[in-house]
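All chains, full assembly: derive it from the sequences and hints.
Mapping of the sequence shown onto mature numbering (1 follows the signal peptide of the UniProt record, and there is no 0): residues -21 to -1, 1 to 599, in sequence order.
Errors might be hidden in some of the hints.
[As the list claims (entries may be wrong)] Lysine-lysine pairs mimicking DSSO-like chemistry, simulated, CA-CA at most 30 Å apart:
| # | residue 1 | residue 2 |
| --- | --- | --- |
| 1 | LYS579 | LYS334 |
| 2 | LYS591 | LYS579 |
| 3 | LYS446 | LYS538 |
| 4 | LYS255 | LYS266 |
| 5 | LYS398 | LYS538 |
| 6 | LYS237 | LYS255 |
| 7 | LYS418 | LYS505 |
| 8 | LYS130 | LYS324 |
| 9 | LYS418 | LYS461 |
| 10 | LYS324 | LYS398 |
| 11 | LYS505 | LYS461 |
| 12 | LYS334 | LYS324 |
| 13 | LYS50 | LYS130 |
| 14 | LYS398 | LYS130 |
| 15 | LYS588 | LYS334 |
| 16 | LYS538 | LYS334 |
| 17 | LYS591 | LYS538 |
| 18 | LYS446 | LYS461 |
| 19 | LYS398 | LYS453 |
| 20 | LYS591 | LYS505 |
| 21 | LYS538 | LYS461 |
| 22 | LYS130 | LYS334 |
| 23 | LYS588 | LYS505 |
| 24 | LYS266 | LYS334 |
| 25 | LYS334 | LYS398 |
| 26 | LYS266 | LYS398 |
| 27 | LYS237 | LYS266 |
| 28 | LYS538 | LYS593 |
| 29 | LYS453 | LYS418 |
| 30 | LYS591 | LYS453 |
To be clear, the hints were calculated from the coordinates, so they are not data collected in a lab.
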Amino acid sequence: MKQTAIRTLVFSLLLTAPAFAQNPPQSTSRTGTTLLVDVDHRPAISLDGEWHTIVDQYSTGIYTLHQELRKDGFFMNAPFDPNGNPQDYNFANAPTLHVPGDWNTQRPELLYYEGPIWYEKDFQYIAAPNTRTFLHVGAANYRTVVWVNTKKVCEHEGGFTPFDCDVTAALHDGNNFVVLSVDSTRIADGVPTLQTDWWNYGGLTRDVSLVTVPSQFIDAYDLHLSRTDHSIIEGYVHVEGASAGTPVTVTIPELQAKVESTVDANSRAAINIPAKSLSLWSPENPKLYAVEISSGPDRIEDSIGFRTIETRGTEILLNGQPVFLRGVSIHAEAPYRTGRAYSEKDVETLLGWAKELGCNYVRLAHYPHDERMTRAADRLGLMVWAEIPDYWALQFDNPAVLAKSKQQLAEMIRRDRDKASIILWSVANETPNTEARTKYLTAMVDLAHQLDPTRLVTAALLVRTEKTATGSNKIVDDPLGKALDVIGVNEYIGWYEQHAEGADTTTWEIRYDKPLIMSEWGGDAKAGNHAPSGDTHPALWTEEYQAEIYHHQIAMLNKIPQLRGTSPWILMDFRSARRVNPGLQDNFNRKGLISEQGVKKQAFFVLQKAYKDKTLGKAD
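Rendered as structure tokens:
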């Protein structure tokens, strides 16, 4: 059966990095790919909960002492017999970790651990005729290999995007077991690479489930508002395993709209739905419609908002009208308990704070967040900048690394393409201005446009600085800007350069006739660390100095004619192994407007007032 161009691209992106840290085994098992969409709306057997785990720093579970592959590795899950042959593991008696969840914050001794950990879980299963069953992993950081009932079924590289293993042939009725090796070792040819400014949380950090679908099933769809006619919803539905002529039905009950189509030789059905009474999605009106998609025995229900997003000169247009993005950057860091955010409560807290701040937009940095975040953004009316971890100094001259970036971009877009909240796909953050980098990221921009021509593509760039007679001039002329729809810029006047007042004498020269988003700005403050009362020159690290940065930045930003949005760094303090100043950082980046324990700093209220009074940026 032929596949669509998009699917061919996705499934041809093979992993080139090892599944284990040392001389990995070669395998004929397929690479984990994302076949399923809308998993949270499909019937599933949840495998969340307690999993037996073994920390395996020396990869004992896969190699002998002479670095030969073991035939009796931990993936065999052999029962331990105290009277039998010596055995170095026993899952039945091993400690547990909760899934979803990172291992670093579940056991104190694992806080700094980077390496492989084995996960094992037993489950019951009864096969249904004419179906396929997938093991769906929402995310596992960073390299994962999966065995079911001793059979290797797939592997995957990348810590923030979902993947599925077809386990149909490996399952049997009754008791089954699954074993995963998850290796969080940072590698030079990884995406991200060795250096980041966030905690390297390892483990099964998002939901794990068994999903059973008909042998012929809906595996991709895209329904969006036509840019040229807002009374038309257009798109496609792809049915895996379907032959030409297979019927597809799309229904939107609230609009009394129902259309029938058939798939072509590529198993893809074109969809065109008249929708004259459509209420468009926006921050002020985050309208979502129940949408039903069916083909044969398979049926999917989704909640979809319809809107357009485009640029005109230096404007960003939402539903044809100029919009200013009042936002904040957010890491997927859990409030209060810390660790990787994954729960509805985490999402409710983080996005609730963003709404309280007065945001209509959030930058989800620096990697795809849990799907709960984008679902909630749809409901709350928060526009989203979604990003992959092409971060800092990747091996931009390495084609294998480019393939990994492309895979992660494709997986992110595939999961979230029907989220109305997402208006920007970001392909990079703070990368060096080199010829190799520009070629690499231009290819990423082209791929994003190819996979999803309905959204804007951006990246967070760095700027050049020239001294002037009165201060400094910031020049935005990164050659990557030629390929981008929207220019993102990170700057830290008042923290990494100059004092807060330096913003007053800084001018900006934007050499592209495109919208500009100040994607990062700000400075650190330890919550509760205050300057003496009446101090007109507060010291660094105090809440007062952080607030001063925000006051001066807001005044400067309002002088940039092309500015169409901001997402200062960052909503909440987050763990980072780079930040080691004792008593102030203690392994936390302190640029948050809120502490990791939910304490709002003075700068929170400075930005809140500017957003709610609409005194920052061009009024929309």
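Would you pick out the hints that fail for this structure and give their numbers low to high?
Of the numbered hints, 5, 7, 8, 11, 14, 19, 22 do not hold.
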